[in-house]
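Line by line, the protein sequences are chains A and Y.
10 is the number of the first residue of the first sequence in the numbering used here; add one for each residue after it.
391 is the number of the first residue of the second sequence in the numbering used here; add one for each residue after it.
Simulated from the structure, these hints should not be mistaken for lab results.
Using N, Cα and C, we set each Cβ at its ideal position, and we do this for glycine too.
Worth double-checking, as some hints may not be accurate.
What the hints assert, rightly or not - Ranges between beta-carbon positions, derived for each pair:
| id | chain 1 | residue 1 | chain 2 | residue 2 | range |
| --- | --- | --- | --- | --- | --- |
| 1 | A | V426 | Y | L589 | 19 to 25 Å |
| 2 | Y | G628 | A | D416 | 53 to 59 Å |
| 3 | A | V426 | Y | V456 | 49 to 55 Å |
| 4 | A | H198 | Y | E443 | 50 to 56 Å |
| 5 | A | P285 | Y | A559 | 47 to 53 Å |
| 6 | Y | L602 | A | A82 | 34 to 40 Å |
| 7 | A | R265 | Y | E443 | 47 to 53 Å |
| 8 | Y | R399 | A | V126 | 17 to 23 Å |
| 9 | Y | G614 | A | S234 | 38 to 44 Å |
| 10 | Y | A559 | A | A124 | 28 to 34 Å |
| 11 | A | D360 | Y | L589 | 24 to 30 Å |
| 12 | Y | G628 | A | S237 | 58 to 64 Å |
The residues making up each chain are set out below.
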Amino acid sequence: MIVFDQVTVTYDGQGEPVLRRVDVRVAEGELCLVVGPTGVGKSTLLGAVNGLVPHFTGGTLSGRVLVAGRDTATHRPRDLADVVGVVSQDPASGFTTDTVEEELAYAMEQLAVPAAVMRKRVEETLDLLSLADLRDCPLHELSGGQQQRVAIGSVLTAGPSVLVLDEPTSALDPTAAEEVLAALTRLVHDLGMTVLLAEHRLERVVQYADSVLEVRCDGTVRHGSPQSVLSDASVAPPIVELGRMVGWTPVALSVRDARRLAPPLRARVASQPTEPAHRRSAVSPAQALRARRVLVRYGDLVAVNEVDLQLHAGEVTALMGRNGCGKSSLLWALQGSGPRQGGSVDVAGLDPHTLSRSAARRLVGLVPQTPGDLLYHDTVAAELAEADRDGDAPEQSGGGSAEQILDRLAPGIDRGVHPRDLSEGQRLALALAVQLRAAPAVVLLDEPTRGLDYHAKAALGHVLDTLAAAGHAVLISTHDVEFAASSVDRVVVMADGDVVADGGTEQILASSPAFAPQVAKVLAPLPYLTVGQLKGQLRC
Amino acid sequence: MSGSRRVPRALHPIAWWLWAAGLATVSIRTTNPLLLLLILAALAFVVANRRTEAPWARAFGYYLVVALSVVALRVLVRTVFAGALTPSEHILVTLPQLPVPSWYAGIRIGGPISLEATLSAAYDGLRLACLLCCVGAANALANPKRALRVLPGALYELGVAVIVAVSVAPQLIESFQRVRLARRLRADPARRLRALRPLVIPVVEDAFERSLRLAAAMDCRGYGRAGAASPGARRVTGAAMVAGMLSLCAGVYGMWDPTMAPALGLAALTVGSLLCVLALVLGSRRVMTTAYRPDPWALPEWAVSACGLGAAALMSSAYGVWGLNPALSPLRWPALPAMPVLAICLAALAGVVSPPPPPSRRRAARPAASPGRSRPDRVSETVA
Chain A
10 MIVFDQVTVT
20 YDGQGEPVLR
30 RVDVRVAEGE
40 LCLVVGPTGV
50 GKSTLLGAVN
60 GLVPHFTGGT
70 LSGRVLVAGR
80 DTATHRPRDL
90 ADVVGVVSQD
100 PASGFTTDTV
110 EEELAYAMEQ
120 LAVPAAVMRK
130 RVEETLDLLS
140 LADLRDCPLH
150 ELSGGQQQRV
160 AIGSVLTAGP
170 SVLVLDEPTS
180 ALDPTAAEEV
190 LAALTRLVHD
200 LGMTVLLAEH
210 RLERVVQYAD
220 SVLEVRCDGT
230 VRHGSPQSVL
240 SDASVAPPIV
250 ELGRMVGWTP
260 VALSVRDARR
270 LAPPLRARVA
280 SQPTEPAHRR
290 SAVSPAQALR
300 ARRVLVRYGD
310 LVAVNEVDLQ
320 LHAGEVTALM
330 GRNGCGKSSL
340 LWALQGSGPR
350 QGGSVDVAGL
360 DPHTLSRSAA
370 RRLVGLVPQT
380 PGDLLYHDTV
390 AAELAEADRD
400 GDAPEQSGGG
410 SAEQILDRLA
420 PGIDRGVHPR
430 DLSEGQRLAL
440 ALAVQLRAAP
450 AVVLLDEPTR
460 GLDYHAKAAL
470 GHVLDTLAAA
480 GHAVLISTHD
490 VEFAASSVDR
500 VVVMADGDVV
510 ADGGTEQILA
520 SSPAFAPQVA
530 KVLAPLPYLT
540 VGQLKGQLRC
Chain Y
391 MSGSRRVPRA
401 LHPIAWWLWA
411 AGLATVSIRT
421 TNPLLLLLIL
431 AALAFVVANR
441 RTEAPWARAF
451 GYYLVVALSV
461 VALRVLVRTV
471 FAGALTPSEH
481 ILVTLPQLPV
491 PSWYAGIRIG
501 GPISLEATLS
511 AAYDGLRLAC
521 LLCCVGAANA
531 LANPKRALRV
541 LPGALYELGV
551 AVIVAVSVAP
561 QLIESFQRVR
571 LARRLRADPA
581 RRLRALRPLV
591 IPVVEDAFER
601 SLRLAAAMDC
611 RGYGRAGAAS
621 PGARRVTGAA
631 MVAGMLSLCA
641 GVYGMWDPTM
651 APALGLAALT
661 VGSLLCVLAL
671 VLGSRRVMTT
681 AYRPDPWALP
691 EWAVSACGLG
701 AAALMSSAYG
711 VWGLNPALSP
721 LRWPALPAMP
731 VLAICLAALA
741 GVVSPPPPPS
751 RRRAARPAAS
761 PGRSRPDRVS
771 ETVA
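In isolation and in its complexed conformation, chain A is listed as follows (with noise of 0.2 Å):
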């Protein structure tokens, strides 16, 4: 369906190419999960399948891509709009109309499709998504899985027979990416389709895969059964990782395939781990910060309900939740910028939300959702500068200047990049080192997590420790278990705008059947949640 043939894609100004001699067949039906860390080429692979690159994106493509016989070098994007649908991450960028159903349409419209058929197609649509009682919303009412469904819906009705997505669920938090998965997977098992999908977490996807396709950093590619791909490539979920630690060949890729190899490995490791999933630093009993009856409402919605926290420096929280759950606006109440309307919170004696903004992120440093809305700088090195002009934090802080704490946390960026131009974990680092600058006491990080392969998670975590580790107090909200398992101290559960829980990582992750991260349902009742607290244990 999919053919690649000897294909080269070099970008203009770059010596390199980014995909090089890629040769692949994608058979009819087949549902082909792409892998690879971030940035090298997962999504020119993905956009040279409809002509993207390099007729959207310039460069130059040698070799030839055929799908369904059309060769993308005479086709155009918009000449492929029938055979191939492209979902992209933000599904909200992709919109052109203000309804769902119409933009059901929109791609029919374009395609001449006879007025009739497209009533009939665009309904049919509706009820293969579940859309249908949202039929008349406005686009930018729904959440991010519906509209994450619109855009798949929106590309299904032109009726093309391959489906492209890139990450489309990297922006979404866990249950919406279900939903997502789960109408794609109904997609490929009903109708048929060819599917090439680019994920991150593969810990959601890679059970469905037929094929994995690695793309490997010098833009060589490999493509095989996810068994045989899985277990020896540069990214690996968990419960790769496992198995290939224990030695199962293949590679158990479900935890349900996984449990069923795991008694015996249930019987050689001990009842209790010897060390902790994260190796803490030494936590002070001294309370950084401590909120108390924290109230933070909008009209009628009581968004975070009178919530108590205490943060100790040298220890990494995480905050958890469903998505509306309140865990943003407890985050921004406690920096002092967002609204609180009871309530106290003490750090070092003041109240961050009484003081100027200068004075509160010297005391609470908030790195918000999307870094880079803090940074409005043409390079790298203006933005250290900036951030050393207004930083002037006290010289026993021991910080150091902005660009010291960037190398600390992401050596080796370029000082002359565009902030927008780095890759999302290294514009995280640059946000973190701004506000690291002013040396606050407390450091707390919104949805780090999102869009980061695992290298950068794990890097993150690693940021995460040396923050702990100076002193600072750390909370992160996430909704990534497979995260807090391996870098966090302590769990705190926020639903409905309440704690729900609050205590150790161990306690609260193991045991929740559907919170816990993949090595603890495959061990489960055995307490282990990550790969790393076996390895010792399997040593001896």
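Here the structure of chain A is known, so what remains is to put chain Y in place on it, guided by the hints.
Quick look at chain Y alone, frame taken from chain A:
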């Protein structure tokens, strides 16, 4: 003609615009306050009867407020900058008069205010207000997006651009609020001008990136697929359009200028219209798209446009009828001529002959969920 038995449906937007244009033609021909108020009443009746619950349907109220302020402004300007008085005029009050230089003679600032001048200003203002409300009624009754969709093919791209711009606006506001909030996390701004840069740059960058992604998405979905006009054809279309427009302008000028022969103006007008139609037809040939659920043009559409255009025709036939432009000296109660009243009643009939609007389904289906963006974004109005 009973409204209860008819199937609720949205009327074709062009029908409403034709109707409003007819009523506007009626109101432009008179300064009789009774007739003008009657027109306002007719507009209000139809709007109240036939508007939906969509956001644009609230437009009429805003137009009414603007219209009233137009009347007030007109009266205010007329009374403060009053002209010369005739001895027969009735003086209402006398304001303190500002001394003006001699070269400014003929216009007073302040001084005595006559009832006649005030009334004439109010009548004039009321006529303007009526025109405004006609536009407002059309805006409230016709779905603006569907109105754009009936544009001829040649103007298709224009319609798309407008729709995209409208749907991007909320995203831009959201992005602006998010960035403004994020700004509070960095140090206090030093100076006014420097404080603007951190707000504007991320929002503009966001907007640019978004437009690129939108362009890619539209390309992927087949936009501009069958738009291959040869450069020659495109040049012919453009030339015909420009020539047509110029000819139209000349024609209008010719019709209004009494020193020119009316036949000349009429000829230019005809040629201009023909050229414009030709350009639109030529332009439409290269756009090959279909419309999803096109609005039908059926009996109710004919009836509603007939109501508006019929009223305009009746009013034109009443040209020169006594009482259309009531005299103010001697001062007396304006008369109510029969023919114009009939015309306005005919226009008001549109509120009955048009089908009732479909009930809104949106409210019921709407879940409480909203995109997974941070909550402070959406509610920062309460903070500000």
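Evaluated hints:
| no. | hint | verdict |
| --- | --- | --- |
| 1 | A:V426 <-> Y:L589: 19 to 25 Å | 23 Å, holds |
| 2 | Y:G628 <-> A:D416: 53 to 59 Å | 58 Å, holds |
| 3 | A:V426 <-> Y:V456: 49 to 55 Å | 51 Å, holds |
| 4 | A:H198 <-> Y:E443: 50 to 56 Å | 40 Å, violated |
| 5 | A:P285 <-> Y:A559: 47 to 53 Å | 50 Å, holds |
| 6 | Y:L602 <-> A:A82: 34 to 40 Å | 23 Å, violated |
| 7 | A:R265 <-> Y:E443: 47 to 53 Å | 49 Å, holds |
| 8 | Y:R399 <-> A:V126: 17 to 23 Å | 22 Å, holds |
| 9 | Y:G614 <-> A:S234: 38 to 44 Å | 40 Å, holds |
| 10 | Y:A559 <-> A:A124: 28 to 34 Å | 29 Å, holds |
| 11 | A:D360 <-> Y:L589: 24 to 30 Å | 27 Å, holds |
| 12 | Y:G628 <-> A:S237: 58 to 64 Å | 60 Å, holds |
Hints 4 and 6 from the list above are not met by this structure, while the remaining hints are.
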